[in-house]
Amino acid sequence: MTQTIRVRINGTAREHAVEPRLLLVHYLREVCGLTGTHIGCETSICGACTVLVDGKAVKSCTMLAVQADGSDVTTIEGLARNGSLHPVQEGFWECHGLQCGYCTPGMIMAGVEILQRHARPTREQIAEGLKGNLCRCTGYVHIIDAIERAAGARRAERGVGGDLKW
Amino acid sequence: MVNPTKHVGQPMKRVEDPRLIKGIATYVDDLRLPGMLHAAFLRSPHAHARIRRIETGAAKAMPGVVGVFTGADVNDQCGVVPCAAAIPDLKAPKHTVLAGERAYFAGHPVAVVVAQNAYVARDAADAIDVDYEPLPVVTDPERAIAGGSPLTHPELGTNVAYVHSVSSGDIDEAFRGADRVVRQRMVHQRLTPMPIEPRGCVASYHPGDQTLTLWSSTQVPHLVRTLLPGMISVPENKLRVVAPEVGGGFGAKLNVYAEEALCAHLAMRLGAPVKWIESRRENAAATIHGRDQIGEYEVAVTRDGRVLGIKARSVADLGSYLQLLTPAIPTLTGLVLTGCYKIPAITMEIVGVYTNKMATDAYRGAGRPEATYLIERLMNLIADDLKLDPIEIRLKNFPQPDEFPFHTATDLQYDSGNYQAALKEAQRLADWPALVRQRDDARAAGRLFGIGVSTYVEICGMGPSKAMPAGGWEWGCVRIEISGKVTVITGVSPHGQGEETSFAQIVADRLGVPIGDVVVLHGDTNIAHYGRDTYGSRGLVVGGPAIVMCIDKIIAKASALAAHLLSVSVDDVEFRDGRFVEKKKPDNSVDWARLAGEAYIAKNLPPAFEPGLEASSFYEPENFTYPFGTHIVAVEVDRETGDVKIVKYVAVDDCGVQINPLLVEGQVQGGIAHSIGQALFERTVYDENGQLLTGEFMDYPLARAHDIPDYVMGSTVTPSPGNPLGAKGVGEAGTIGATPAIANAVMDALGPLGIRHLELPLTPERIWRAIGQHAGVAAG
Amino acid sequence: MHLHLIYQLPAPRERVFAAMTDPAVLQRCIPGCEQMIKDGEDSYEAHLQVGFAGLKGKYRGRARVEDRRPPESYTLTVDGKGAPGFVRATSRMCLGEKGEGTEVICDADVQIGGVIAAVGSRLLDAAARKMADDFFRALSRELTPMSAAQ
Amino acid sequence: MIPATFSYARPTTIDEAIALLTKHGSGAKVLAGGHSLLPAMKLRLAQPEVLIDIGRIAGLNTIAERDGRVVIGTMATHAEIESSALVARACPLLGQVAARIGDAQVRNRGTIGGSLVHADPGADFPAAILALDAELRLASPRGSRSVKAAAFFEAMMQTVVQPDELLFEITVPKTATSAAYVKSEQKASGFAICGVAAIVDAQAKTVAVGVTGVASKPYRATAVEAALRGRALTPDAVAAAAALAANGVEPLGDIHASPEYRAHLAAVNTKRAILKAVAQG
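Protein chains in written order, with the numbering used here: chain A, 11 to 176; chain B, 79 to 858; chain C, 3 to 152; chain D, 20 to 300.
Be careful, since some hints might not be right.
Stated by the list, open to error - Distance condition first, Cα-Cα at most 20 Å in a straight line; then the derived EDC-like pairs of lysine to aspartate or glutamate:
1) C/58 - D/173
2) A/66 - D/99
3) D/295 - B/721
4) C/83 - B/204
5) B/100 - A/40
6) C/60 - D/68
7) D/295 - B/716
8) B/723 - A/40
9) B/662 - B/652
10) C/58 - D/183
11) C/58 - D/84
12) C/83 - B/133
13) B/100 - A/134
14) B/502 - B/470
15) D/236 - C/135
16) B/100 - A/100
17) C/60 - B/721
18) C/58 - B/692
19) D/193 - D/84
Unchecked claim - For each label pair, taking beta carbons as the anchor points, the in silico distance ranges come out as:
20) A/162 - B/220: 39 to 47 Å
21) A/80 - B/96: 27 to 35 Å
22) C/146 - A/64: 52 to 60 Å
23) A/43 - C/44: 52 to 60 Å
24) C/36 - A/41: 31 to 39 Å
25) B/683 - A/43: 45 to 53 Å
26) B/209 - C/131: 41 to 49 Å
27) A/43 - D/104: 39 to 47 Å
28) C/146 - B/209: 34 to 42 Å
29) B/265 - D/83: 32 to 40 Å
30) C/131 - B/511: 54 to 62 Å
31) C/135 - D/104: 42 to 50 Å
32) C/47 - A/43: 17 to 25 Å
33) B/96 - A/41: 22 to 30 Å
As the list claims (entries may be wrong) - Far from chain C, by Cβ distances over 12 Å, these chain B residues were calculated:
34) 121
35) 210
36) 267
37) 347
38) 502
39) 578
40) 635
To be clear, the hints were calculated from the coordinates, so they are not data collected in a lab.
Beta carbons: idealized from backbone N, C-alpha and C, even for Gly.
With the sequences and hints as input, model every part of the structure.
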């Protein structure tokens with residue numbers, strides 16, 4: 011038994027008949043082919059699957075596709091506009107905010123929401139805002155740097171200094 | 079000449095990142111092949127049980143199910159899961175790809191379903207009915223080797239897998255000459271590596287040319303390619319293993335797993351690609367665990383704090399079977415137990431024990447975090463006992479900088495080092511006198527404040543082939559394409575370490591080409607024909623020199639071609655900033671684009687000149703490398719709740735020459751985060767029936783952003799004389815140096831209460847109990 | 003996990019003993035019991051739906067009555083399994099005379115495995131107590147003459 | 020990671036939801052925010068036959084003032100409660116507690132009603148709604164009824180909500196700013212090992228204390244409240260009274276915290292919560 015849903019994903023209207031038990035993350039990955047959203051756990055802890063639903067960060071593994079019917083969904087693939095990276099993506103690149111990259115899409119989406127809540131977040135607010143996202147590679151410092159940078163803050167004078175080149 | 083510093087040494091951002099931050103990189107789960115089927119495993123809920131009967135009829139009858147397979151269907155068609163560690167007199171159980179007559183850990187795969195989609199496969203796995211007869215379970219490794227214990231593997235007749243001894247120097251003399259013997263039992267808890275991407279693989283067989291391609295989330299595609307032919311009937315030269323984007327490994331993916339072989343087998347058997355993606359729960363239960371050693375340690379010391387010898391006996395819980403390196407890991411602990419100290423005598427006996435749990439194996443640091451934790455805690459206990467300063471006692475036992483290369487009692491040759499310098503730098507960055515004053519003031523005010531120091535040395539750059547089970551060399555290839563662009567191929571298999579960037583830095587500098595013209599390929603055995611992959615902080619240290627060797631060969635070859643094109647003798651040509659120049663007439667020169675064009679079009683070559691500009695090399699390291707450092711941590715303990723707060727963290731790491739300091743910083747910070755978990759809250763828990771109680775992120779805590787203190791990071795640079803880059807490796811440093819520093823800090827905070835030692839992790843409850851016991855405060 | 007539970011039942015020991023080993027009564031009184039079929043001497047096959055409001059699983063299992071000493075005591079072993087894991091319990095049931103009625107003391111060892119052990123262990127103790135409470139409440143109703151008349 | 024199959028219904032009114040619940044009986048589960056239910060379903064610990072998604076019933080997420088009380092719809096998310104200006108002004112405790120639940124993403128989807136009905140012993144909201152003497156309003160085919168917070172929780176993951184009933188709103192009295200929530204977290208899951216919500220009245224003479232995470236159901240620390248009633252809330256008096264915070268309850272134990280430690284934290288967090296509330300008064 012399927013249910014027809016209409017969802018706007020990264021600005022594109024989509025319509026599909028889906029099983030009610032289909033998770034939003036599987037809908038995005040398997041039905042829509044948007045594999046940038048990752049799966050790291052099954053208990054709503056790791057946050058790798060974070061996307062924006064109607065502008066709010068949610069864990070797409072803990073939402074049914076049918077619950078997203080009528081919603082506007084933004085995934086990591088929809089963040090860059092007109093070929094230029096979103097400031098949070100830029101921040102992650104500039105500050106070495108990622109290593110293996112697996113948690114990164116979810117981290118970036120969480121970062122986008124942090125900046126929606128706080129124009130000038132403190133490092134503590136960023137850390138608190140990332141509570142729902144696990145990273146096993148970076149140790150988080152560069153991730154916080156990245157979001158701070160995206161917020162327009164000058165990269166803190168920490169550790170290796172100097173301008174980043176490339 | 080070559081300008082080696084244009085990119086090398088710069089904190090450059092990574093070339094890997096754009097695809098990753100845009101969400102357009104390809105991990106195993108992102109692969110979709112036409113006709114691809116999906117596998118799901120049914121795993122034993124029992125830690126030890128006889129399998130009496132497996133009823134698969136209902137599962138097979140479900141729409142969309144292609145096949146259901148049990149041990150009886152596949153075990154005689156697949157080889158056993160390999161263990162590459164060579165330990166004398168090792169007793170090993172037969173580890174078939176699916177459980178045979180018995181399941182011997184909770185999570186042991188018992189059957190596999192293949193279906194048209196993952197949802198149906200999961201449903202069908204639930205429809206399999208297994209009749210288990212529970213058997214006695216072995217969970218405590220110490221009880222397992224005491225008399226009368228049930229057996230993990232009755233056919234072995236014992237739970238002891240091996241007894242390994244390390245012995246050097248005159249230990250009896252050391253203890254006879256001692257003014258004091260410091261004793262402590264210490265437990266290094268079991269940990270779960272938990273990369274955020276679980277394991278997974280896709281296998282696809284091409285009947286036309288009888289080749290098999292396996293995409294796997296692995297750190298070691300080459301080792302898989304070498305070892306898989308022993309498990310399935312495809313020869314190595316018809317096997318292609320691809321590690322696409324890999325979402326973290328930390329040793330957990332340094333292995334050849336049953337699921338990889340089974341998916342390959344089933345893809346051939348069913349004539350369709352088969353995909354399997356591990357769930358987090360499966361990852362916690364059936365991907366290797368780390369650490370898990372219990373030991374008794376005795377140190378002979380003189381009154382003034384010189385360490386004369388160590389006697390150690392440790393019991394290592396191997397779990398229920400051997401994965402690739404399981405028995406070798408605890409032996410590494412013995413090898414480096416003397417740490418960065420001149421300790422003339424040591425004996426260590428390591429007993430590897432089977433229990434009904436998941437196998438342990440290499441988890442970030444692999445044996446060395448255990449050793450460093452032990453020796454660094456022991457140094458503090460000695461200092462406590464002798465009422466000496468913990469820094470003073472370390473300085474007293476360090477080898478002097480002019481004693482390097484330093485030969486240890488365990489027969490290691492530390493390549494280079496200056497432990498005093500790293501310690502001093504860390505004290506400077508910590509503002510040591512102020513930190514001590516802060517502690518004094520806090521204590522005077524009745525607060526529990528402690529400072530911990532850990533100095534460490536680790537074994538990196540794994541490693542010389544004589545010491546590695548499957549060879550420890552590395553392979554590389556550099557090709558100047560006809561266009562003048564540069565393709566670099568490495569046999570290491572980075573999965574977050576950033577070698578696409580650091581290797582490009584090295585190559586751009588040494589070839590004098592724009593860094594944007596360099597592409598680094600890896601992780602596909604059809605491209606990187608040979609390699610020994612990424613683990614043990616070896617990527618840059620062993621993989622880098624192979625690339626440097628290629629560059630040297632290419633420059634030599636190109637010089638001959640340049641001389642020909644410039645109509646001068648080779649001796650008159652000099653390579654400078656990406657051009658080959660006539661020494662005396664600098665206007666007469668050729669660049670790589672022209673050289674490459676000539677080399678491949680091959681109409682104007684010197685006599686006997688082989689066309690093309692490509693070189694490949696195998697680099698064999700003569701020795702390991704030995705990075706070192708000092709971490710200083712200050713903590714405050716909440717007297718009422720036992721909560722630990724890290725108030726200062728200083729890390730000084732010496733990994734030799736840094737190719738990209740930004741990546742070095744990332745590696746160290748990431749490693750420290752593992753250590754914060756290991757020191758304060760991570761532990762893998764099985765109950766007495768062998769049930770895993772930390773099978774999800776709901777119960778196994780990883781460090782989160784708010785657990786991380788502000789770091790002060792520094793470094794010293796003592797180049798390794800052992801390789802042309804002077805690099806030593808840094809992937810594990812944080813995980814090795816930080817745990818003992820944090821533990822020492824917490825114990826320093828609790829010292830005034832009379833608490834001498836607590837086991838890891840130092841959870842609030844453990845600390846609260848200790849405070850209660852020592853302060854005579856009623857607990858609760 | 004070990005449970006030590008005591009219940010009072012408003013009937014003489016013989017009746018309580020008979021009821022506690024009668025599949026029809028058991029099916030009515032065991033919470034979530036959908037089926038209880040006697041498939042051998044002192045052996046029953048059961049289909050249960052158990053758990054908490056939010057977390058309910060289907061289990062199939064076998065219950066056996068052993069060491070039967072009517073009307074004083076018997077040992078009940080339960081071996082159940084379902085998709086979330088398995089439950090194995092052994093309980094010694096001792097029936098003592100208490101006034102007009104009967105006091106039942108159960109000493110049970112319960113072992114669980116699978117997902118329920120990993121995620122549900124903290125719930126187990128409460129779940130087992132609740133199931134036992136519900137069972138004896140229902141049994142008590144069953145044994146009360148009033149309810150029989152209703 | 021993959022739930023078992025179920026059928027799905029999405030009523031648009033409370034009556035329709037009740038009718039569906041009545042029709043499907045105990046095989047049905049209400050889906051609110053889904054942050055307790057979906058993880059359990061993915062592990063197949065829960066396998067409901069029918070899911071009744073109340074997410075599209077209009078008005079269920081309103082936060083408003085009515086008859087001197089703050090009324091919160093069952094579908095109000097933790098984030099909505101956390102950021103509500105009305106809650107911050109009229110009942111700040113709820114906002115404080117909401118902010119400590121899970122993480123940002125969980126708060127964006129998780130709902131107060133879902134959390135209360137699931138009745139996880141480590142959930143945060145129960146501490147607050149107990150301390151606040153909240154009323155919970157349930158709809159069923161028999162009409163609607165009000166249940167006091169103190170009577171709502173029956174046991175671990177058990178409430179008075181019947182299979183055909185729907186919790187549709189929670190009302191709390193307007194309360195002073197003198198309130199605080201102090202929580203010790205289970206490190207991995209973020210659930211409370213011990214969460215204490217305390218409210219101190221305007222004269223700082225009586226206190227209400229709700230405790231979650233410690234026992235199989237949340238409770239009011241009545242012994243603490245009685246010991247402080249009419250007393251000056253000095254640090255010593257508070258500490259002495261707070262020592263009674265686990266009196267008469269049977270604390271839970273698991274791999275994350277033993278019963279003794281939970282009981283101890285109940286005392287410490289009660290003391291800290293009351294003193295924090297006093298400091299804000």
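Hint-by-hint comparison with the structure:
Pair hint residue 58 of chain C plus residue 173 of chain D holds up; C-alpha atoms about 17 Å apart against a cutoff of 20 Å. Restraint check: the Cα-Cα separation between residue 66 of chain A and residue 99 of chain D comes to about 11 Å, which is no more than 20 Å; the hinted pair holds. Restraint check for residue 295 of chain D and residue 721 of chain B: satisfied, since their Cα atoms lie roughly 19 Å apart, inside the 20 Å limit. Restraint check for residue 83 of chain C and residue 204 of chain B: satisfied, since their Cα atoms lie roughly 11 Å apart, inside the 20 Å limit.
In summary, the hint linking residue 100 of chain B to residue 40 of chain A is supported, as the alpha carbons are separated by about 18 Å, within the 20 Å threshold. Straight-line distance between C-alpha atoms of residue 60 of chain C and residue 68 of chain D comes to about 12 Å, which keeps the hinted pair within the 20 Å bound. For the suggested pair residue 295 of chain D and residue 716 of chain B, the alpha carbons sit about 17 Å apart, so the restraint of at most 20 Å is met. A C-alpha spacing of about 43 Å is found between residue 723 of chain B and residue 40 of chain A, which places the hinted pair above 20 Å, so the restraint is violated.
Of the supplied pair hints, the one linking residue 662 of chain B and residue 652 of chain B holds, its CA atoms being roughly 10 Å apart against a limit of 20 Å. Between residue 58 of chain C and residue 183 of chain D, the direct Cα distance comes to roughly 17 Å. Compliance with the 20 Å bound is thereby established for this hinted pair. For the proposed pair residue 58 of chain C and residue 84 of chain D, the alpha carbon gap of about 37 Å is over 20 Å, so the pair is violated. Between residue 83 of chain C and residue 133 of chain B the CA atoms are separated by roughly 14 Å; this keeps the pair inside 20 Å, and the hint holds.
Using a Cα cut-off of 20 Å, the hinted pair residue 100 of chain B and residue 134 of chain A is violated, with the two alpha carbons roughly 26 Å apart. About 12 Å separates the Cα atoms of residue 502 of chain B and residue 470 of chain B, which keeps this hinted pair within 20 Å; it holds. With a C-alpha separation of about 17 Å, the suggested pair residue 236 of chain D and residue 135 of chain C falls inside the 20 Å cut-off, and the hint holds. Straight-line distance between C-alpha atoms of residue 100 of chain B and residue 100 of chain A comes to about 10 Å, which keeps the hinted pair within the 20 Å bound.
Restraint check for residue 60 of chain C and residue 721 of chain B: the C-alpha separation of about 41 Å exceeds 20 Å, so the hint is violated. Note on residue 58 of chain C and residue 692 of chain B: the hinted pairing is violated, with a Cα-Cα distance of about 64 Å set against a maximum of 20 Å. Simply put, residue 193 of chain D and residue 84 of chain D have alpha-carbon atoms about 9 Å apart, close enough for the 20 Å limit, and the pair holds. A hinted range of 39 to 47 Å is violated for the C-beta pair residue 162 of chain A and residue 220 of chain B, which are about 57 Å apart.
Between residue 80 of chain A and residue 96 of chain B, the C-beta spacing of about 33 Å keeps the proposed range 27 to 35 Å intact. In this structure, residue 146 of chain C and residue 64 of chain A meet the distance hint of 52 to 60 Å, their C-beta atoms being roughly 56 Å apart. At about 59 Å, the CB distance of residue 43 of chain A to residue 44 of chain C agrees with the hint of 52 to 60 Å. The supplied range of 31 to 39 Å is met by residue 36 of chain C and residue 41 of chain A, whose beta-carbon atoms lie about 36 Å from each other.
In this structure the supplied range 45 to 53 Å holds for residue 683 of chain B paired with residue 43 of chain A, their Cβ-Cβ distance being about 49 Å. Look at residue 209 of chain B against residue 131 of chain C: about 30 Å separates their beta carbons, and that is not inside 41 to 49 Å. A hinted range of 39 to 47 Å holds for the C-beta pair residue 43 of chain A and residue 104 of chain D, which are about 42 Å apart. In this structure the hint that residue 146 of chain C and residue 209 of chain B lie 34 to 42 Å apart at CB holds, the actual value being about 40 Å.
As the Cβ distance of residue 265 of chain B to residue 83 of chain D is approximately 56 Å, the hint placing it in 32 to 40 Å is violated. Taking 54 to 62 Å as the suggested C-beta distance range, the pair residue 131 of chain C and residue 511 of chain B conforms, at roughly 59 Å. Look at residue 135 of chain C against residue 104 of chain D: about 45 Å separates their beta carbons, and that is inside 42 to 50 Å. Hint check: residue 47 of chain C to residue 43 of chain A, Cβ distance near 48 Å, so the stated range 17 to 25 Å is violated.
For the pair residue 96 of chain B and residue 41 of chain A, the supplied restraint of 22 to 30 Å holds, since their beta-carbon distance comes to about 26 Å. Chain C draws residue 121 of chain B into its interface by the beta-carbon criterion, the shortest separation being 9 Å against a cut-off of 12 Å. Its beta-carbon lying about 8 Å from the closest one in chain C, residue 210 of chain B breaks the requirement of being farther than 12 Å from that chain. No beta-carbon of chain C is positioned within 12 Å of the beta-carbon of residue 267 of chain B; the least distance is around 18 Å.
Once the 12 Å rule is applied to beta carbons, residue 347 of chain B is consistent with being away from chain C; the minimum gap is 27 Å. Listed as outside the interface, residue 502 of chain B is consistent with that label: its C-beta sits roughly 48 Å from the nearest C-beta of chain C, beyond the 12 Å cut-off. Taking the minimum C-beta to C-beta distance to chain C, about 38 Å, the non-interface status of residue 578 of chain B holds against the 12 Å cut. Remark: the non-interface label on residue 635 of chain B is consistent with the geometry, its nearest Cβ contact in chain C lying 60 Å away (cut-off 12 Å).
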